[in-house]
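So the protein lines, in turn, are chains W and F. Using this note's numbering, read the first sequence as starting at 1 and increasing by one per residue. Using this note's numbering, read the second sequence as starting at 339 and increasing by one per residue.
Hints are computed from structural coordinates only; laboratory data are not their basis. In this text, all values refer to a predicted model and were calculated from it rather than measured experimentally. Cβ atoms here follow ideal geometry from the backbone N, Cα and C, with glycine treated the same way. One thing to keep in mind: the hints can contain errors.
To be verified - Below, a sample of chain F positions facing chain W; criterion: calculated Cβ distance under 10 angstroms:
1) Pro597
2) Glu691
3) Tyr701
4) Trp707
Claimed, not checked - Here's a subset of chain W near chain F, in silico, CB distances under 10 angstroms, partners left out:
5) Gly141
6) Gly164
7) Asn197
8) Pro200
9) Tyr206
10) Ser215
11) Gly219
12) Asn221
13) Gly277
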Amino acid sequence: MTETAIGPRKLQIKWAKFRELNVLVAFLLLCLFFYWRRPDTFTKPANLAVIMRFIATFGMLAMGEVLVIITRGIDLSVGSMTAFTGVTTAWLMLKGVGNLLPPVGMVPGILIALLFGILVGIWHGLFVTKLGIPPFIITLGTWLIARGVAAYITRGYPQVFESGDPFLILGQGTVGGIPISFLILLGVAVVISVVLNYTPLGYRIYAVGGNIEASRLSGVNVDRVQIFCYATSGFLAALTGVILASRLGQGTPVVGNAYELWGIAAAVIGGTSLMGGEGTVLGAILGSAIVGVMQNGMVLTNVSSYLQDVILGVVLVVAVVYDMLRRRGVWKLRLWKK
Amino acid sequence: MVLRMEGISKAFPGVQALADVDFELAAGEVLGLVGENGAGKSTLMKILSGAYRKDAGRIFLYDREVDIESPHHAQQLGIAIIYQEFNLTPNQSAAANIFIAREPRRLSLGRFVSFVDRRRMEREAQEHLDRVGARVPATALVRDLSVAEQQMVEVAKALAVDARIIVMDEPTSALGEDEVERLFEIIGTLKKQDIAIIFITHRLEEVFRIADRVVVLRDGQRVGSMPIDQAMPENVIHLMVGRELGDMFHKEEAEIGAPLLEVRGLARQGVVEDVSFTLRRGEILGFAGLVGAGRTETARLLFGADPKDAGQIYIDGKLVKIDSPTDAVMAGIGLVPEDRGNQGLVLSLSVLENVVLPTLDDYARAGWWMDRRSLRNTAQDYVDKLDIRTPHLEQKAMFLSGGNQQKTVVAKWLASQPRVLIMDEPTRGIDVGAKAEVHALMSRLAQAGVGIIMISSELPEILGMSDRILVMAEGRVAAILDREEATQEIIMAYASGEEIGSSVVNATPGGRR
């Protein structure tokens, strides 16, 4: 690399980071705003824990969406999957499976639920890659099926844990004031971020999102890459489902309604492009943090709950429009060097 | 003068794409606009067609100064541009495309409610199609038309807006020989109607055949403009590259070794039938044939990109199973595809990432952690070796010129150290200088013992670069010729499926194997 080339390269790297910086600045401004409006309550440890739990839930789902959306897919099943896996884990631990299986312990109960998440994700991936079914459709199918199955096996009744069950620590416990679920999110975020940035698989995920045919002709096993993304999304939905069941103290088929849309919204606010090829873990977390802080702050400042949705919707649209405008600058350059 | 452009300048971040370029065009003139990739041809034409705004300079149409604001405005001014990738909607009829957004109306009920006069639209579209001599029914769906016919629809579309200036960007690159002839006839017809044509091409011989005048751009500047009868191919090339070029298609001798790749009975229903051949170490095997003869399809079958119905592939005498490109890469085969933008590169990724894409696993320590330093070193190594002109490794591939993109695709495969490299039209659409570099590179690879399959529609390239030539016709191997016995005439005779008894072919006994 020659001396002259260092300038633009540094600039480009700065620019690449800049996108998340925008989201970060927006997030910090929001925090400042709500701190200014409610200095007494906003930074209370209890309130911060509420925000962190919110981020733990939607950040997890948003990360799965980011992976799938990078490969130009979408996963509409994750909200229903949280219900399905929450019910599964509760049912296994409290009731077992009829005469076949007595109630199981906490670890197998959780692991089986996570395994279900992965299997459903692989199922989506196989339909998308081997049969060419649009991801929207196949995951829409699961959106109905997963919640339906959850409601059917429980006959609609929540499976309630007794208070003091060690399982409840997962969703309700804290370490030094920080919710365990939030720590789990950070751990998972680090792992996925490392996969995306430091492993061959991560490079391939971006390559497949950028141009699937060129990637295939470069010897990339594009089916496997896509299946991995759906499987991870399924796994993260299952993990979210387990944590939600623990937090609520019950596995219930009505949990997680429309969470997939919140996950997608958080991913998009965090800079993930629905055109594929772009998106980061940090963006997903920051996107869900923005949604979390806004929702929390609006409650604290007594904004009407009806108006809250309106405001969040406006934020989403602004984020997408901003992304489009930024992209248009890129498009011009692309035309020029055709 | 129909058109006069004066002192046109345009800069992009980091590049002066055009600097003070003058340009003029007379009615009924066919002007050949030539220059290497990145010389500024496309930029100049995009300014003319309103896709870009100029930084400086003036444009006069019929001696009246105009400020071209948008592609729509350019169209109103009678300027039409036909890009390499057509702007047609495949699921609509030719007529609907010709009259897109200007459909004849009837039963107009005020400004917002009216109906398309379909019959009139089709009738007038047919007139325009007939005017260019296209034997295309106006009612045919564009997706059912051949590339050449789609191009005629584009020309008809330009006529329908009453264009006085038609810009054709690389119009022949996707056409077969016959179709090129048809296009030249059409250009002749347009010329008689006093329409001025700007013809951008990389094939100089075409300029000398049909242009009245040639304008040469280099590095954003006009370096030459002369009537065609005063121009010589050598000095035009000299102007384009600004340096002397050696023998155009010259393969340096390489030692031809043991058989490396053996293909037996490769077939895919309706596309390729019973293709067998052997490729030796250090050999360049040229694949000649007309467009649609099954050359690209054979390459794709060999590479596992499409499923094959039959056939075995042996490497070093051992049967290998190739059912996917992944298998092919594992077996040491690389493919430089014809369409580098859509198939060769991930344009949204950096040069670095594109170069290492087939070999990512080689850079993973402990099987998963990418060694970024060795990744960078490898990529930088190939960028230097192939002289890929990019400001830095993180540059996105979409910002490179055509020639540098092609070199990046080649770099990607060199980094995988292939034993067999398939190159599909390796120099199509790249400039003369880059072309020579790609050829030199092929020679070096062959000398290093790589077996190369080169698909090319340019016969001089086939004859100059190949050790042996496999001619395909209608999905079959028509002949495999040694370099010494091959001439353009013989190859064309086999490629067009002429009778074996014809005089040309008879002149080379044993030519067919």
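Quick rundown of the hints versus the structure:
1. The interface hint given for Pro597 (chain F) is broken, as the beta carbon of that residue sits about 24 angstroms from the closest beta carbon of chain W, more than 10 angstroms.
2. The criterion of a C-beta within 10 angstroms of any C-beta in chain W is met by Glu691 (chain F), whose closest approach is roughly 6 angstroms, and the hint holds.
3. With a least beta-carbon distance of about 7 angstroms to chain W, the hint placing Tyr701 (chain F) at the interface is held under the 10 angstroms criterion.
4. Interface hint at Trp707 (chain F): satisfied, since its Cβ lies 6 angstroms from the closest Cβ of chain W, which is below the 10 angstroms cut-off.
5. Violation of the interface hint for Gly141 (chain W) is found here, the shortest Cβ-Cβ separation to chain F being roughly 28 angstroms, above the 10 angstroms cut-off.
6. At about 41 angstroms, the closest approach between the beta carbon of Gly164 (chain W) and any beta carbon in chain F exceeds 10 angstroms, and the interface hint on this residue is violated.
7. The beta carbon of Asn197 (chain W) comes within 8 angstroms of a beta carbon in chain F, closer than 10 angstroms, and the hint placing it at the interface holds.
8. Look at Pro200 (chain W): its Cβ gets to within about 4 angstroms of chain F, closer than 10 angstroms, so that hint holds up.
9. Annotation: Tyr206 (chain W) was flagged as interfacial toward chain F, and the flag holds, the nearest CB pair being 6 angstroms apart, inside 10 angstroms.
10. Checking Ser215 (chain W) against chain F: minimum C-beta separation of about 6 angstroms stays under 10 angstroms; hint holds.
11. Checking Gly219 (chain W) against chain F: minimum C-beta separation of about 3 angstroms stays under 10 angstroms; hint holds.
12. Taking 10 angstroms as the C-beta cut-off, the interface hint given for Asn221 (chain W) holds, the closest approach to chain F being about 5 angstroms.
13. This hint holds: Gly277 (chain W) has a C-beta 5 angstroms from the nearest C-beta of chain F, less than the 10 angstroms allowed.
When each numbered hint is compared with the structure, violations occur for hints 1, 5, 6.
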